[in-house]
Every structure is written in C-alpha cells, then in structure tokens.
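Protein sequence lines correspond, in order, to chains A and B. Residues 643 to 722, numbered by our numbering, are exactly what the first sequence covers, in order. Residues 19 to 432, numbered by our numbering, are exactly what the second sequence covers, in order.
Source of the hints: derived by calculation from the structure; they are not laboratory data. Source: prediction; values computed, not measured. Every residue gets a Cβ at the ideal spot worked out from N, C-alpha and C, and that includes glycine. A couple of the hints might just be wrong.
Cross-link-like lysine-lysine pairs, in silico, DSBU-like; alpha carbons within 35 Å at most [unchecked claim]: (1) B/K332 / A/K644; (2) A/K680 / B/K420; (3) B/K377 / A/K654; (4) A/K680 / B/K28; (5) B/K411 / A/K654; (6) B/K298 / A/K654; (7) A/K680 / B/K301.
Listing some non-contacts, in silico: residues in chain A with all C-beta distances to chain B over 12 Å [what the hints assert, rightly or not]: (8) R646; (9) T657; (10) S658; (11) P659; (12) I661; (13) S678; (14) E681; (15) L686; (16) G687; (17) G692; (18) E693; (19) I696; (20) A699; (21) S700; (22) W703; (23) V712.
Pairwise CB distance ranges, derived in the manner of DEER restraints [unchecked claim]: (24) A/E667 / B/D204: 40 to 46 Å; (25) A/G709 / B/C47: 50 to 56 Å; (26) B/D380 / A/E705: 27 to 33 Å; (27) B/G382 / A/K666: 53 to 59 Å; (28) B/D204 / A/K666: 26 to 32 Å.
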Amino acid sequence: MKLRVYLNFDEKSVTSPVIWKLAKEFDVITNIRSASVKEGMGLLGLEIEGETSIVEASARWLEAQEGVHVEPIEQNVIEG
Amino acid sequence: MSESIVRALKCRECGHEYEIQPTHVCEFCFGPLEVVYDYDKLDDKFTRELIESRPQNMWRYKELLPIDGEPKVGANNGFTPLIKADRLAKELGVKELYIKNDSVCYPTLSFKDRVVSVALSKAVEFGFKTVACASTGNLAGSVAANAAAAGLESYVFIPEDLEQGKVLGAAIFGTNVIGIRGQYDDVNRLCSEVAGKYGWAFVNVNVRPFYAEGSKTLGYEVMEQLGWKAPKHVVVPMASGSLCTKVDKSIKEFIKLGLVEDNQTAMYGAQATGCSPIAKSVKDDTDMIHPVKADTIAKSLAIGNPADGYYANKVMKESGGYAEDVSDEEIIDAMKLLARTEGIFAETAGGVTLGCAKKLIDSGKIPRDESIVLCITGNGLKTQEAVLNEVAKPRIINASLKEFDVLAAADGVK
C-alpha cells in the first residue's frame with residue numbers, strides 16, 4: 643500500500659533525521675514530495691510505500707515521535 | 019448564459035492542473051487544489067444588470083461558481099442582509115460600519131449554507147449518493163439540512179463535546195451524527211481516512227475545492243449591497259482561513275470583470291486567543307503556521323491546524339490587513355455589544371469578529387474614517403451555553419397590576 647501524509651515538525655524535531663530513522667526502522671519506501679524548512683519549523687509531504695502492516699506500523703511510529711505532527715491526506719490509502 | 023467558465027483544478031503550490039473531479043490534493047506535490055476559471059469567456063455578458071435581474075439568492079452569481087448549469091441543491095440559499103450598523107459604529111467610534119449578517123442565512127442560520135449548497139450540487143453532478151463532513155457544528159447542520167432537502171444520505175462527524183444546539187440542529191434532519199472523542203483536528207483526521215475508504219462526497223475533504231468557492235458569494239453580495247463598491251476594510255472570522263481567502267478572491271474577480279472598482283480592500287482575520295495559529299503567524303510576521311491544541315468557547319473556530327492558514331496569512335499581508343485575537347471574556351462582551359446595539363444575536367464566532375475588530379480599531383490598524391464590513395457568520399441560538407449565565411434572568415411576578423406597578427416604580431418608569 644501507499645500512505646500519504648503531511649508531517650509538521652516543531653523547532654526541536656526539525657533538525658532531527660526523522661525520515662532516515664523511519665527508513666532504517668521499517669522496510670518501506672519513503673518518497674518526499676514537498677518540503678519546507680524555516681524559522682524553527684518544517685513541513686513535509688511524504689509518501690510511504692510497502693506491506694500494509696509495515697506501512698501502518700511506520701505511521702504509528704511517526705506519530706509517536708516527539709515534536710512531529712502527522713496529518714493523513716485524504717484518499718491517501720491506495721491499495722496497490 | 020449556460021456555458022461554464024470553469025477551466026480546471028489547479029495546485030496552489032506547483033500550478034499543476036487537473037480535470038474537474040472529486041479530489042483536492044495535487045498528485046505531484048500534495049498541495050491543495052483550487053478551482054480556476056477562464057474569465058475571458060464571460061465576454062462582458064456578466065453584467066450588473068444581469069445579476070440584478072435574477073432572484074435574490076447566492077446563485078445570481080452562478081457563472082462564478084463551479085457548477086454545471088443550474089444548482090442541484092440549495093436553490094434558495096444565501097443573499098443575507100447587509101446592515102448599516104450606526105449604533106455600533108457610534109459605540110466603536112467609527113464613521114461607516116456595516117454588518118454582513120449571515121446569522122440569518124437560509125436554511126440553517128450560518129454562512130455554511132453557501133459552501134454546502136455548492137459542494138452538494140457538485141456531489142450530485144459527480145453522482146454521489148452519500149455526503150458527509152467533519153464539522154465544528156454549523157457545517158454539520160447545513161450538510162444535514164441541505165442533504166435532507168435533496169434526498170441524499172448523510173453522515174456528519176463532530177467532536178463529542180459540541181454545543182447542544184448544534185448537535186440537535188443536525189440530528190433533526192435525520193442525518194447520521196457521529197460524535198468523536200477528541201478535538202476537531204482528530205475528527206478531521208478520521209474523516210480523511212473515511213473519505214479515502216468509503217467513496218463518499220466529504221464536503222470539506224474530497225469536494226473541498228468546490229465547497230470553498232461557495233464562500234465567494236458572501237463577498238459578491240457585500241459589494242452589490244454596497245451599491246457595486248468594494249469595501250475598504252473587511253473583518254472575517256478564521257477557522258481554517260478559507261473564508262478570508264475566498265472573500266479576497268471574490269473582490270479580485272469583481273474588479274477583473276469590471277463590476278466594481280479597485281478600492282484597495284484590506285482583509286483582516288479574527289481568531290479566539292485559545293486557538294489562534296493564523297493570527298499568531300501574522301503578528302509574528304512569519305508565514306509558518308504552528309499547529310495548536312484548541313481551547314476556546316468559540317468552538318466553530320477551534321481548528322488547531324488550519325488547512326488554509328498559510329494562504330489566509332498571505333492574503334492579509336498582501337492586502338494591507340492584519341490579524342487579531344480575543345479572549346473568551348472579550349468574545350462574550352462583544353456578543354452582548356452586538357446584541358445590545360444592533361439587535362443581532364451572533365454565535366461565539368461573531369463575538370470573535372466584533373471583539374477583534376474593536377481591538378484593530380483601537381490600535382489604529384483599521385482607521386476610523388473608512389468603510390468597514392464585519393462578517394457575522396453564525397447564529398447565537400446555536401451557542402446559548404456561552405452566554406447562559408451572562409444575561410439577566412426574568413423577574414417573576416404574579417399576574418397583578420399592583421405587583422407590576424411596584425416593579426415599574428423600582429425601575430423609575432413613569
């Protein structure tokens with residue numbers, strides 16, 4: 643499946659390599675589609691692709707990261 | 019004039035264009051999509067005279083709305099009064115003040131009837147049978163009522179702690195009301211997932227680009243009601259920030275079509291201090307919107323992660339406007355002031371708009387000698403809890419003239 647999310651980083655998390663950690667932790671393809679980093683804040687449009695259970699686990703992991711706000715994009719769960 | 023001038027859905031970020039379809043996210047960069055038009059196709063045929071010849075509802079501007087032909091839902095919606103608010107103007111110390119009173123919008127007493135009738139008309143065109151929304155209250159009532167009148171199945175998702183008037187104001191229409199444990203942002207997140215899975219028309223998710231265009235009719239009406247003039251200053255409440263951007267768009271469209279002259283209109287946004295991510299970004303002179311946890315009595319504005327915040331911020335800055343926020347106490351004071359001076363019982367969001375306008379005037383951000391329009395977007399009967407203990411209780415007497423005489427004498431009545 644493919645999961646599409648917006649990620650919002652606060653000033654503490656914005657300098658942390660969250661996407662690298664995500665890819666190390668889970669067997670998923672991460673595809674950054676848009677990004678903006680400034681003034682102690684970051685916004686990221688991210689596509690995560692892989693086995694359904696692993697993608698879902700990776701989304702839960704992202705939500706648990708301090709200072710990271712995860713917003714699903716509708717019509718985002720594309721069965722593939 | 020039946021030919022649609024709608025050109026496409028266009029990504030606000032990367033500019034990629036898409037055919038008209040029920041979607042609102044760019045496949046390339048995940049940016050939001052907006053309806054764009056070929057204004058040249060109107061070819062001077064969309065005139066003041068044509069508009070004035072039509073029935074007084076929001077569809078008199080149908081050429082500038084993203085529907086095909088006639089509206090399928092909400093044919094009588096919109097066209098609310100614009101009131102010259104002289105008593106309130108005197109109180110605020112300003113020369114020319116108007117209230118756009120959408121607290122009496124047909125049929126559910128909020129400006130949401132404008133956006134919903136466009137969204138549901140489009141949903142019917144797309145062939146959807148079930149419509150839905152994530153709502154802070156007003157939208158739920160409007161979706162439920164307009165769907166009922168159009169014979170559509172509906173689901174409305176709301177935070178579980180919503181005002182009783184708003185829950186009842188949706189449930190009466192036979193909709194499926196789903197209360198979610200959490201805040202509006204949690205409701206919205208769930209709805210994103212439901213929209214992806216169930217294939218319904220979510221007015222503020224997959225048909226959002228069409229839905230949002232309905233807000234423009236508020237701006238068109240203000241300009242027509244001012245005698246085909248753009249106001250100098252407009253104050254709107256902000257939740258997602260969409261209304262701010264769409265009123266601005268309506269003014270730019272009328273200028274482009276030669277229906278009004280450019281009056282350098284400045285847009286101002288109002289939020290409750292307990293949920294003011296957009297106002298904060300404007301005050302901090304940044305364009306980054308930091309999500310917040312909402313905590314305010316103005317529940318209809320309690321969106322902590324506003325989808326159009328960035329664009330509303332840009333509109334306010336580019337138009338020469340500003341943003342302000344007010345405390346819950348100031349909201350209640352402003353609701354009472356509006357009721358006392360103009361006989362309008364606005365919901366808490368109306369208190370936010372007036373409270374912020376007062377601050378903007380007092381601080382000199384809005385000059386006292388130019389035209390100001392305040393947009394009141396919802397009715398106070400739906401948020402009675404906010405002022406229940408703030409108004410005088412009835413004085414009870416027996417049905418006796420003697421007792422009334424005593425009461426009148428105490429009041430100094432002669």
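Quick rundown of the hints versus the structure:
| no. | hint | result |
| --- | --- | --- |
| 1 | B/K332 / A/K644 | holds (32 Å) |
| 2 | A/K680 / B/K420 | violated (73 Å) |
| 3 | B/K377 / A/K654 | holds (34 Å) |
| 4 | A/K680 / B/K28 | holds (25 Å) |
| 5 | B/K411 / A/K654 | violated (51 Å) |
| 6 | B/K298 / A/K654 | holds (19 Å) |
| 7 | A/K680 / B/K301 | holds (17 Å) |
| 8 | R646 | violated (6 Å) |
| 9 | T657 | holds (15 Å) |
| 10 | S658 | holds (17 Å) |
| 11 | P659 | holds (20 Å) |
| 12 | I661 | holds (15 Å) |
| 13 | S678 | violated (8 Å) |
| 14 | E681 | violated (5 Å) |
| 15 | L686 | violated (9 Å) |
| 16 | G687 | violated (4 Å) |
| 17 | G692 | holds (17 Å) |
| 18 | E693 | holds (18 Å) |
| 19 | I696 | holds (18 Å) |
| 20 | A699 | holds (16 Å) |
| 21 | S700 | holds (16 Å) |
| 22 | W703 | holds (17 Å) |
| 23 | V712 | violated (8 Å) |
| 24 | A/E667 / B/D204: 40 to 46 Å | violated (25 Å) |
| 25 | A/G709 / B/C47: 50 to 56 Å | violated (24 Å) |
| 26 | B/D380 / A/E705: 27 to 33 Å | violated (43 Å) |
| 27 | B/G382 / A/K666: 53 to 59 Å | holds (55 Å) |
| 28 | B/D204 / A/K666: 26 to 32 Å | holds (29 Å) |
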